Structure formats: structure tokens, C-alpha cells
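Position 205 of the sequence shown, counted from 1, bears residue number 205 in the UniProt record's numbering, the numbering being contiguous throughout.
It is worth saying that the hints were derived from the structure and are not from the lab. Do not take every clue at face value.
Stated by the list, open to error - Simulated crosslink set (SDA-like; lysine to any residue; CA at most 20 Å straight-line):
id: 1; residue 1: Lys-214; residue 2: Asp-240
id: 2; residue 1: Lys-117; residue 2: Gly-88
id: 3; residue 1: Lys-117; residue 2: Pro-211
id: 4; residue 1: Lys-214; residue 2: Arg-198
id: 5; residue 1: Lys-214; residue 2: Glu-182
id: 6; residue 1: Lys-117; residue 2: Gly-247
id: 7; residue 1: Lys-117; residue 2: His-57
id: 8; residue 1: Lys-214; residue 2: Trp-249
id: 9; residue 1: Lys-117; residue 2: Glu-182
id: 10; residue 1: Lys-117; residue 2: His-216
id: 11; residue 1: Lys-117; residue 2: Arg-106
id: 12; residue 1: Lys-117; residue 2: Arg-250
id: 13; residue 1: Lys-117; residue 2: Phe-188
id: 14; residue 1: Lys-214; residue 2: Ala-187
id: 15; residue 1: Lys-214; residue 2: Arg-260
id: 16; residue 1: Lys-214; residue 2: Phe-252
id: 17; residue 1: Lys-117; residue 2: Trp-249
id: 18; residue 1: Lys-117; residue 2: Arg-142
id: 19; residue 1: Lys-214; residue 2: Arg-106
id: 20; residue 1: Lys-117; residue 2: Thr-80
id: 21; residue 1: Lys-117; residue 2: Gly-104
id: 22; residue 1: Lys-117; residue 2: Gly-54
id: 23; residue 1: Lys-214; residue 2: Gly-257
id: 24; residue 1: Lys-117; residue 2: Pro-189
id: 25; residue 1: Lys-117; residue 2: Leu-153
As the list claims (entries may be wrong) - Ranges of calculated distance between the beta carbons of each label pair, as one might list FRET restraints:
id: 26; residue 1: Arg-77; residue 2: Thr-100; range: 24 to 32 Å
id: 27; residue 1: Gly-92; residue 2: Arg-248; range: 14 to 22 Å
id: 28; residue 1: Pro-180; residue 2: Gly-92; range: 37 to 45 Å
id: 29; residue 1: Arg-70; residue 2: Arg-49; range: 20 to 28 Å
Predicted model only: the values in this text are computed from it and were never measured. Built from N, CA and C at the ideal position, the CB exists for glycine as well.
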Amino acid sequence: MPTLPDIPPDLDPVTAVEAVQPGLLWYLTEPTRAAVDIGQFAAGRALLRGAPSGDGHTVLVLPGLGATDRATGPLRRFLTGLGYEVHGWGLGRNIGPSVTAVNGMRDLLRELAGRGKVSLVGWSLGGVFARELARQRPGSVRQVITLGSPYALADPRHTRVNPVYRLLSRFYEPGAPPPPPEHTRPAFPVPATAVYSRSDGIVPWRSCVSPTGKRHENVAVASSHLGYGYNATVLWVVADRLAQRPGRWRPFTPPPGMARMFPAA
Numbered sequence: 001m002p003t004l005p006d007i008p009p010d011l012d013p014v015t016a017v018e019a020v021q022p023g024l025l026w027y028l029t030e031p032t033r034a035a036v037d038i039g040q041f042a043a044g045r046a047l048l049r050g051a052p053s054g055d056g057h058t059v060l061v062l063p064g065l066g067a068t069d070r071a072t073g074p075l076r077r078f079l080t081g082l083g084y085e086v087h088g089w090g091l092g093r094n095i096g097p098s099v100t101a102v103n104g105m106r107d108l109l110r111e112l113a114g115r116g117k118v119s120l121v122g123w124s125l126g127g128v129f130a131r132e133l134a135r136q137r138p139g140s141v142r143q144v145i146t147l148g149s150p151y152a153l154a155d156p157r158h159t160r161v162n163p164v165y166r167l168l169s170r171f172y173e174p175g176a177p178p179p180p181p182e183h184t185r186p187a188f189p190v191p192a193t194a195v196y197s198r199s200d201g202i203v204p205w206r207s208c209v210s211p212t213g214k215r216h217e218n219v220a221v222a223s224s225h226l227g228y229g230y231n232a233t234v235l236w237v238v239a240d241r242l243a244q245r246p247g248r249w250r251p252f253t254p255p256p257g258m259a260r261m262f263p264a265a
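Construct the entire structure; sequences and hints are all you get.
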């Protein structure tokens, strides 16, 4: 079973605590807050009926660590209802970047891109995968939307998901080495929106964002990590971003009736 690396010795201890793990209170209240997000999804269906309609293009949704397509079901059904051709990853439980998962995602993107560029939506580790797919095949990807994805963390395992990672590692099939640190890489090649929450109890929110640019942005929401796929504001952001026309990217602006639901960045 793979071992988890220690905090790098050259990282200041105080900075390390902030960078490696979210606060313990946020972590312990994740299940309760996720239940609130799910309840909000049920209560906010009327509000979400006003979300921008889709243009029918293909959307691939990738689940987080330890999750399956079942976890992204509500999000995918919501997007299907808006008019998109939505697909789950179809690779079972996400246990990390195994050879099976890496090759499976590449093959699936190649197949779907035969009908036109694909938008990628990834939850947590699924978003890290989505960004890597976009870097490898930018010509096949229309845009990437990440939901609480720690793509800017030097090692994604340095989070509150360590117990889950250790459990799943029993079934782990080694895959490709981890990608280089985000800050050392070329500019991201396609439009990207990073959705993050300062109250994320699983991954440090600073690892889920990057410098903004002409086609890159970070959108703050009030959500638990486990509730991203059910949170009404998150679903609205995803719908709004997917509805953008190719070549006409604009930063996200909350609709007037929902502006107070979005925290300051």
C-alpha cells in the first residue's frame, strides 16, 4: 500500500497547517452541512428553473475520490434538464489515478469529442482529472469547471481525505506519477472556472484556486465539500458557465435575485 508523504521540511510549520488541512471544526461538521446543502437543493428547485438553458453540447462529469457516478447523479440530471448531452465517467468508484481510470477517461474523452468539443465538470479529485485531460487534449475540451478541486496543492493527498485514501489504497492500481506543481506549469489552455468554498472541510480552499486571467476565474460559494453537487448556488454557477458561447467568455456575475447567496471572494 502506498505511503503518504510527510509535510516538506522546507515548509513553514504555521503555513503548513493552513495549506495542508482545513480547520477541524469545518471537517467535523461536513456531514451535517452536506445534509443542509441537499435540503437546499430540494428547496431551491423552483429557483433553479430559471437557470440558463443549454445549447446541447456534450458535458462529461467526473466524481470525486471514493465516489461513483451515483454521487453526481443529481447534478447530471439537472444539466440534462437544461438541454445538455451529459455523461458520467462510467468507471466505477474513483480510487485515484489508476491505469484503468487514466486510460478510461482518455478514451471516453476521445470518443465524446468526435461529436464536438466537450465541457468537463469535475468534483474534487474529478476536477484535478478534468484539468489534466484538458492539458493533454485542449483541442477536445470546450471548458473546465472544477468544484472544490485541490489542483494547486503540491500533493492532493495532503488533505482531510487521508483516511479515505488509505482505505482505497488497498485496491489501488498504480498509475501515472503526479503532475508537476500548478505554479510551475504553462498557462491553462482552455477557459476554466474554479468553484471553491472557504468553509470546505475536506481540502484547503487555497489549493482550489489560481490567478485569474482573461478566460480563467475563481467563484466563491457557501458550501460543504460533500455538498458541492447539490448546492443550489453551485448548480447555478455550473449552468451559467456552460451556457457561455464559444469565444464569448465573460466572468461570472450572480443574478440579482441570488447575489446575497454568494460570499465575497
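Here is how each hint holds up against the structure:
no., hint, verdict
1, Lys-214 <-> Asp-240, "holds, 17 Å"
2, Lys-117 <-> Gly-88, "holds, 16 Å"
3, Lys-117 <-> Pro-211, "violated, 25 Å"
4, Lys-214 <-> Arg-198, "violated, 24 Å"
5, Lys-214 <-> Glu-182, "holds, 18 Å"
6, Lys-117 <-> Gly-247, "holds, 13 Å"
7, Lys-117 <-> His-57, "holds, 8 Å"
8, Lys-214 <-> Trp-249, "holds, 8 Å"
9, Lys-117 <-> Glu-182, "violated, 24 Å"
10, Lys-117 <-> His-216, "holds, 18 Å"
11, Lys-117 <-> Arg-106, "holds, 14 Å"
12, Lys-117 <-> Arg-250, "holds, 19 Å"
13, Lys-117 <-> Phe-188, "holds, 16 Å"
14, Lys-214 <-> Ala-187, "holds, 11 Å"
15, Lys-214 <-> Arg-260, "violated, 25 Å"
16, Lys-214 <-> Phe-252, "holds, 12 Å"
17, Lys-117 <-> Trp-249, "holds, 15 Å"
18, Lys-117 <-> Arg-142, "holds, 5 Å"
19, Lys-214 <-> Arg-106, "violated, 27 Å"
20, Lys-117 <-> Thr-80, "holds, 17 Å"
21, Lys-117 <-> Gly-104, "holds, 18 Å"
22, Lys-117 <-> Gly-54, "holds, 14 Å"
23, Lys-214 <-> Gly-257, "violated, 26 Å"
24, Lys-117 <-> Pro-189, "holds, 14 Å"
25, Lys-117 <-> Leu-153, "violated, 28 Å"
26, Arg-77 <-> Thr-100: 24 to 32 Å, "holds, 26 Å"
27, Gly-92 <-> Arg-248: 14 to 22 Å, "violated, 37 Å"
28, Pro-180 <-> Gly-92: 37 to 45 Å, "violated, 28 Å"
29, Arg-70 <-> Arg-49: 20 to 28 Å, "holds, 24 Å"
In terms of the numbered hints stated before, the structure departs from hints 3, 4, 9, 15, 19, 23, 25, 27, 28, listed from lowest to highest.
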